[in-house]
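Peer 1: Each protein sequence line maps, in turn, to chains A and B. Just so you know, we're using numbering that gives the first Met the number 0 here: the first sequence kicks off at 0 and counts up by one. Just so you know, we're using numbering that gives the first Met the number 0 here: the second sequence kicks off at 0 and counts up by one.
Think of the hints as simulated: they come from the structure by calculation, not from any bench. Some clues are possibly wrong.
[Claimed, not checked] Below are the DMTMM-like pairs computed for lysine to aspartate or glutamate, each with C-alpha atoms no more than 25 Å apart in a straight line:
1. B:222 <-> B:192
2. A:122 <-> B:324
3. B:122 <-> A:241
4. B:122 <-> A:324
5. B:172 <-> A:241
6. A:172 <-> B:436
There are 2 protein chains.
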Amino acid sequence: MEPVNIGLLGLGTVGGGTVTVLTRNAAEIARRAGRDIRIAHAAARAYDQERISGIEAIGRITDDAFAVVDDPKVDIVIELIGGYSPARELVLRAIDNGKHVVTANKALIALHGNEIFAAAQEKGVTVAFEAAVAGGIPIIKALREGLAANHIEWIAGIINGTGNYILTEMRDKGRDFGDVLAEAQALGYAEADPTFDVEGIDAAHKLTILGSLAFGIPLQFDKTFTEGISRIEPQDVAFAAELGYRIKHLGITRRTDAGIEMRVHPTLIPHRRLIANVDGVMNAVLVKGDAVGPTLYYGAGAGALPTASAVVADVVDVARALTTDPTNRVPHLAFQPDEITDTPVLPIDEVETAYYLRLTALDRPGVMAGIAGILGEEGISIEAIKQKEPAPGETHVPLIMLSHRVKEARMNRALARIEALEAVSGEIVRIRMEGLDG
Amino acid sequence: MEPVNIGLLGLGTVGGGTVTVLTRNAAEIARRAGRDIRIAHAAARAYDQERISGIEAIGRITDDAFAVVDDPKVDIVIELIGGYSPARELVLRAIDNGKHVVTANKALIALHGNEIFAAAQEKGVTVAFEAAVAGGIPIIKALREGLAANHIEWIAGIINGTGNYILTEMRDKGRDFGDVLAEAQALGYAEADPTFDVEGIDAAHKLTILGSLAFGIPLQFDKTFTEGISRIEPQDVAFAAELGYRIKHLGITRRTDAGIEMRVHPTLIPHRRLIANVDGVMNAVLVKGDAVGPTLYYGAGAGALPTASAVVADVVDVARALTTDPTNRVPHLAFQPDEITDTPVLPIDEVETAYYLRLTALDRPGVMAGIAGILGEEGISIEAIKQKEPAPGETHVPLIMLSHRVKEARMNRALARIEALEAVSGEIVRIRMEGLDG
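Could you build the full structure based on these sequences and the hints that come with them?
Peer 2: Spelled out as structure tokens, the structure:
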């Protein structure tokens, strides 16, 4: 069979990894795909052109990315430049030229996926993006194909390795957030500007994609609620552990009667859940389907070779589909384009979860009764209370409460009233909880 | 698009689950697949015909399975009868009639898959078998497609739920094997004849399939080494825990320079590994690829609806491929048929693992030196030794040793010599160990 000709945009970390995988495993990949895959044309900055190994496997190299997407010899364009522009323009031009596209660009898909998929649909080409979510874990394939028989109920994922590394270090060593982050930056695990990772924006990009795939809704990044981990304190990690929980930064999407939840935030989960034991930079996605029950997918969520693993798997998939009738291909968002529905995404106020609450309250009779009274009036029931001993000379004590499930708006009202109590000092720490059991 | 017509063979547990999933999720599945899937013709025993719910969704029902595979209206035959015969004859006749086949029959694929795939290849049809390994977990899709870029190094899986349930109960509650098995049988988790599950035959069927998919070798069930869990004692579970290990019944296949290992046996694994925390009836498969690193796939390995989830996903896949050029489809065993190689499967004597050893030895000076001397002569190094206190009035003590990696044949020689020592009483308990870390 004819070889497949790749046009590769970007020879940075993932681009370099892709060259490595395509060259090192060329024979084995061809044994599977039934044809050779060769990089016919690549575009890279001069800096990357000099440092890339395996460059001799690349047919032609340029610094003009548009020359690659316009090259008539190229069958499949791999976009590994990242960011919105010129990635968006390049991908749209490749589509317009009738080429299939493989991308690892989560931000691009989360924000411009609807436009890109519509263009691809019209041209009868495929845009594959396995590498955009959870790196090497084939979670998009699992959702779109492996679980195609299921009514998906919810997904909860650890989909940012940097955040999970920080939380794991905080738990294992009792360290604080800023300390671990500084070290992670020094070691190169975290970016110089860590906002995307620790504030949950990167996870929200990925969750936006997962939610669309699970529920057949358009990509709506702007409706995904995002809360980071930068305010998690070592004492909350420790109190959670005492109560049998771990704190993970989860992306959660759930179908409810009222609409679809899309939210990224720190979450207490029971320590016996498998996903609670996913540590360090590893990612995992837990999917609950009505037929299959819970399934979990675990692996490296980033890195040159793991991400390249997903990129190249997409290339093999797309190569196989080159002769397929486009209407029989797996749809971009798992559901046929005319079957995407506008089920509303719930604002966070309408989302129902349980809560871990930590108050600092005066250690004096009657205080607890006042707090309990407000919670009762707001219809919030408490599952557990833990009062710590006051430190010597301290008049205030930490008070930990675990609530049953309640709407966020109602909890906000109750917390505002409790914070207004004279006996309660400072802001109440509030971390959402999920049982992840059904 | 035209609906897809299914011929369904068997309306027992999984057949009933398949009818449930196809009817309950019909709309959602059609939104994904772009066409309706309907059960045009089903064959079942009279007993099953009476108890099945959703039977009104089935076009025509018969007790003659051959009538279904000969029905010209049927596009895809789903074989859920189980066993070797007449399943094999039915599948081959369906293929001969030019129909695609979906099966959950692990025994059939492990023993007759080579013949079946060759026939399918010749006829240009697909035989899909996702449900044959690890129930609802889309592990076959992950191996064949999601990890297609990787040189697979090894796979280790908990692929029998009954065995994992028994080992979990033994660990959590200190119970003994026979006791838990009897309860599992009473609860319906274990078969009246538990041999297939507890002696590892069922797991070996599944491992045979995983090994072929990972390494591109023919299915060779007869070369898969199998050791069950019926001889695991509560004290070994407890000693393993003290040393930081859990005992799991694993199917392991690994590529080495000398050949491919294929083995099912109880295995000590470090308790911090994610797969060590897969408990109860759940399954998990850990796959190590050279690019992606370790990835793990977790979920229900059996049961009506989880298995049906995999069956129906295969139906959607096959339906999508109906118009594909057969040479572009995903090959049955992951590698193109002419790329299947005859890499030898290693006999267990040639397999290298670490070992947990439990001896019962006279509590007397010099005994340990004698044992250590034999191990040293055989070139076996010991990583840890733990000697227990003798029970009051006992002259013998349990002696636990963890060895470094060594070939099985060499360990067998050493153990035979140690068992012959006068100071050592009875048989030495030997459980293989794996780090599963690289």
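Peer 1: Of all the hints numbered above, which does this structure not satisfy? Sort the numbers upward.
Peer 2: When the structure is compared with the hints, only number 3 turns out to be violated.
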